[in-house]
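The lines below spell out each chain.
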Amino acid sequence: MKMLNIRTRLLLAALLPLILISSLLGAVFLLARFGDMQAAYDQRNRAVVRQAAVASEYGLFSGNRLQLQALVTGAMQEMDVRWVAILNGRGEVLASAGQSDQAFSLPMSTLEMQGFASDRRLDWLSQPVLPSTIQLDDLFESNGVEATQHPPQLGQVVMVFSRQSIDKRKHDMLLSGGAIGALSLLFGMVLAVVLSRGVIRPITRITQLVERIGRGDFAAVDKLRDQVAANDPLQELQSHIHLMANRLSQAHGELEQQVDLATHALREKKEEAEQANLAKSRFLAAASHDLRQPTHALGMFVSRLAQLPHDRQTGELIHNLDASVRAMQNLLDGLLDISRLEARAVQVNRRPFALAALFDQLQQDLSAQAAEKGLRLRVRSTQLWVMSDATLIYRVLLNLVGNALRYTDQGGVLVVARQRSSGQVELQVWDSGIGIAPEHQQAVFTEFYQVGNAARDRTKGLGLGLNIVQRTVKLLDHPLVMVSRPGKGTRFTLSLPGAVGKHESVEELPKEKPVPDDLRGRCALVVEDDALARSALVGLLVSWGMRVAQARGPADALACLTQGVVPDVIVSDYRLQEGYNGLQLVQRLQQQLDHATPACLMSGDTDPGVIQAAQTAGLTLLHKPVRPAKLRSLLRHLLMEQPPQRATGADLS
Amino acid sequence: MAIVLRSVLLALACALLGGGAWAQVPAPDGVARVLIVSSDTAVVYTQTAEALTDYLVHQGIPRSDIAQSLVSEMTMRLKSGQPPRPGIFVALGSEATQLLAAAGTQAPVLSALIPRSSFEHILRSHGKVVSARLSAIYLDQPLARQLALVHLAFPQAKRLGVLWGAESSDRAAGLRALVVASGLELQETRVTQPQDLPLALAQVLGGSDVLLALADPAIFNSATIQNILMSSFRARIPLVAFSPAYVRAGAVLAVYTTPVQAAHQAAEVTLGVLRGKPLPEQALEPNDFEVGVNAQVARALDVSPDAQALRSILRRLERLP
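Protein chains in written order, with our numbering: chain A, 140 to 792; chain B, 8 to 328.
Fair warning: there could be bad hints in the mix.
[Claimed, not checked] Quick list of simulated restraints, FRET-style, between CB atoms:
1. Thr272(A) <-> Ala173(B): 55 to 65 Å
2. Gly181(B) <-> Arg189(A): 43 to 53 Å
3. Ala166(A) <-> Gln303(B): 50 to 60 Å
4. Glu288(B) <-> Arg189(A): 22 to 32 Å
5. Arg185(A) <-> Gln303(B): 29 to 39 Å
6. Leu159(B) <-> Ser239(A): 36 to 46 Å
7. Thr272(A) <-> Gly181(B): 27 to 37 Å
[Unchecked claim] Which bits of chain A does chain B cover? Going by a derived footprint, with three or more residues having C-beta under 8 Å, they are:
8. 194–207
9. 265–273
[What the hints assert, rightly or not] Selected chain B positions facing chain A (Cβ under 7 Å, derived; list incomplete):
10. Pro122
11. Val136
12. Val137
13. Thr196
14. Thr199
15. Pro201
16. Gln202
17. Ala222
18. Ala256
Honestly, the hints are just simulated from the structure, not real lab data.
For clarity, every value in this text was computed on a predicted model and none was experimentally measured.
Glycine residues also receive a C-beta, built at the ideal position from the N, C-alpha and C atoms.
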């Protein structure tokens with residue numbers, strides 16, 4: 140059954156009894172009235188016939204047709220009379236009047252008779268005419284001897300009445316009764332609607348109120364209470380709801396207060412933690428910066444030292460010294476990579492490239508390291524092309540293979556590329572190393588996490604490799620899957636979108652090309668405020684055969700220019716005194732020289748802002764500690780391609 | 008107890024009435040010389056019975072010799088096998104007459120307050136004739152008296168209308184003779200069927216100046232009287248009737264005998280029988296009468312008969328005291 144809403148139900152409850160009662164009453168009264176009318180009609184008809192019978196007695200006795208005719212003519216004047224006839228004792232019609240088609244022929248009877256022809260809506264009544272008797276009370280009559288004769292019937296009066304008028308009156312009454320019923324029903328409906336509105340409105344109001352309270356609008360209660368009239372039938376309910384809403388509101392307020400307090404406490408904790416993290420970062424940044432300067436200088440000094448002739452023992456010592464410096468520099472580079480990735484300072488340069496060159500480079504770069512540990516590094520050659528950033532992928536492979544070599548004591552490392560039916564290309568790095576226990580598999584990607592290196596043996600790496608890998612593949616949006624079994628080995632699978640090969644494509648990978656050593660005799664302007672670093676750098680450059688002008692700061696550098704020095708290349712530290720930074724100084728110097736002299740910046744800062752600024756200015760930023768080989772390679776490039784327009788952001792080392 | 012009380016009361020009554028009062032104590036029926044049997048308890052019968060008794064007592068008949076009874080009592084006593092044996096039965100009314108005629112009593116029966124037609128009907132039904140054992144004093148007035156009344160009241164009337172029925176037609180010859188003697192013209196019609204009455208009435212009314220009603224229940228009864236009166240009134244023909252009831256109903260005149268008058272006549276006959284005379288061999292006609300006038304109808308018909316004067320003249324004509 141369809142559910143009725145409260146308004147319809149109320150209206151039905153009010154109207155159904157009304158309709159029922161009014162219909163029943165109407166029907167009962169109409170029927171009673173009809174009955175009365177019919178009874179009155181019948182009585183009147185009978186009275187008319189009797190009257191006619193009495194009046195016709197003497198006319199019948201005397202056989203006076205004229206009188207009888209006058210009588211029937213008079214009787215015709217009575218209401219509803221259609222036909223009148225007076226019959227004598229032998230059943231002969233002595234007088235009649237009215238429409239002959241409504242005539243009735245009846246047998247003589249001493250009884251009053253009547254009937255109804257429903258087809259013509261006609262009533263016929265017959266009345267015997269008997270002589271009226273006078274009680275004589277004399278001895279001649281009441282002799283008791285002879286049987287008293289029945290007084291002979293004088294005749295009979297037959298009258299036909301039409302129900303037309305009574306039917307019409309009934310019809311009219313029905314109509315007026317119906318009209319009155321309809322009007323009263325209408326009135327009742329209006330009344331019911333109006334009265335029910337008085338109930339429904341407060342209910343609707345309360346429904347809305349509860350709904351608003353449900354939505355948390357507790358103020359609605361107070362607003363509504365002002366509208367409520369004193370005669371509201373639901374005032375009590377409303378006041379209870381008001382009470383309830385107040386309670387709810389209070390509870391709600393208390394809860395909010397508690398939540399606020401808790402949130403506040405949490406926020407404080409979070410800020411504390413962030414502060415601590417920031418402090419740690421600052422400390423790390425400061426420490427790494429302060430570490431870079433000496434390490435930078437140390438690297439240069441060792442590099443210069445190695446260029447000098449030595450005996451075998453000293454040579455070995457220098458070699459070990461160089462290895463230690465390199466490890467220290469690697470640690471600093473790893474930290475730098477992480478900070479750059481964190482700063483989103485790495486730009487993705489996505490394009491199709493061939494994996495073959497990448498693999499060749501990998502083999503070339505790491506075979507020595509593998510050979511050192513007596514491992515077999517096998518990079519299976521491939522013709523596949525992929526769509527990605529070659530530099531970043533190379534960095535990922537370098538880290539994964541380096542890691543594999545580091546954790547493998549015997550056996551080897553395999554690098555393969557596989558074409559998948561989905562069009563993806565999978566790069567896989569297999570090793571036969573120690574493997575990673577399942578409980579550690581998630582943790583190995585976090586910074587400085589190393590399985591089984593509680594002593595932090597630096598020959599086992601720094602624990603940054605996998606973190607850098609994960610950050611990089613996330614940046615590239617390439618899925619990386621690791622499968623490892625302790626004692627059996629580990630397999631990393633990197634999925635890349637495949638690409639259509641271009642055989643004429645140029646070699647993408649930055650590669651140290653064999654270039655002629657043309658640094659000799661070129662002039663470099665070195666700006667460095669740290670005396671130790673300056674002297675190491677100058678010494679290195681001089682050892683490469685360059686002419687070097689050195690300056691402690693911007694003022695010195697500008698002074699050099701005024702002294703007539705025209706540098707072929709400018710090498711400047713980023714952080715300088717006297718209100719300039721390296722970037723501004725280089726621009727100033729270039730402006731002064733009126734020539735876009737090639738320049739490079741060096742910085743111990745891992746600050747993403749500095750990296751961004753250098754990128755924007757189109758200058759190569761070398762991070763301290765700068766490897767002498769790297770510096771040399773860069774200088775060669777700068778002096779060769781003037782001015783070099785390189786995508787500096789892609790340079791990670 | 009009741010018997011004792013009644014004896015005491017009787018003794019007291021005797022003492023009050025003086026010596027020789029024994030003769031005046033009403034005798035039980037068994038020894039009464041006159042037994043009056045009334046048809047019923049109607050006033051007319053009790054009145055007649057009382058008047059009869061009083062008259063007889065007045066004439067020296069001891070009250071103890073006179074007893075009264077009703078038809079119902081009489082029937083039971085006749086059936087009981089101990090019929091009363093009075094010197095004479097006086098039957099008041101038709102039913103009493105019929106009972107006694109049927110019982111075949113030894114004592115003579117005098118019937119009074121009885122219409123001629125009823126008495127003749129009883130005689131016929133019991134195969135009897137009027138004799139010294141069974142005689143009657145009719146209620147019906149003699150034709151001559153009625154004719155004389157018509158003559159006196161309506162001197163200018165020439166034509167007399169009469170309706171004859173089955174019961175009355177045997178008087179037609181007598182009337183005709185009287186009418187001829189009086190110089191009137193008789194307009195008569197015989198009504199054999201009740202349905203013929205209107206037509207016959209119309210005929211009679213059409214040819215007469217006065218309508219004389221003669222008692223005949225087939226013609227004049229409570230059902231017909233209204234229309235007859237109406238017809239005669241419309242025809243402006245005065246109706247002379249035979250009963251005070253007709254005067255009340257609308258007849259202009261009637262000549263009739265009152266119960267007291269009838270009682271006196273019956274008492275005289277009874278006295279005669281008690282003194283040894285037999286009952287008259289012929290039924291008697293009433294010797295005293297009254298004249299009734301409906302003044303209302305008389306005025307409407309423009310006549311003004313004086314009842315007392317008419318009675319006096321009639322009595323003088325009949326040489327009655």
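Right, here's what the structure says about each hint:
no., hint, result
1, Thr272(A) <-> Ala173(B): 55 to 65 Å, "21 Å, violated"
2, Gly181(B) <-> Arg189(A): 43 to 53 Å, "45 Å, holds"
3, Ala166(A) <-> Gln303(B): 50 to 60 Å, "58 Å, holds"
4, Glu288(B) <-> Arg189(A): 22 to 32 Å, "55 Å, violated"
5, Arg185(A) <-> Gln303(B): 29 to 39 Å, "33 Å, holds"
6, Leu159(B) <-> Ser239(A): 36 to 46 Å, "56 Å, violated"
7, Thr272(A) <-> Gly181(B): 27 to 37 Å, "31 Å, holds"
8, 194–207, "holds (count 5)"
9, 265–273, "holds (count 5)"
10, Pro122, "5 Å, holds"
11, Val136, "17 Å, violated"
12, Val137, "16 Å, violated"
13, Thr196, "15 Å, violated"
14, Thr199, "13 Å, violated"
15, Pro201, "4 Å, holds"
16, Gln202, "6 Å, holds"
17, Ala222, "5 Å, holds"
18, Ala256, "5 Å, holds"
Checked against the numbered hints listed earlier, the structure breaks hints 1, 4, 6, 11, 12, 13, 14; every other hint is satisfied.
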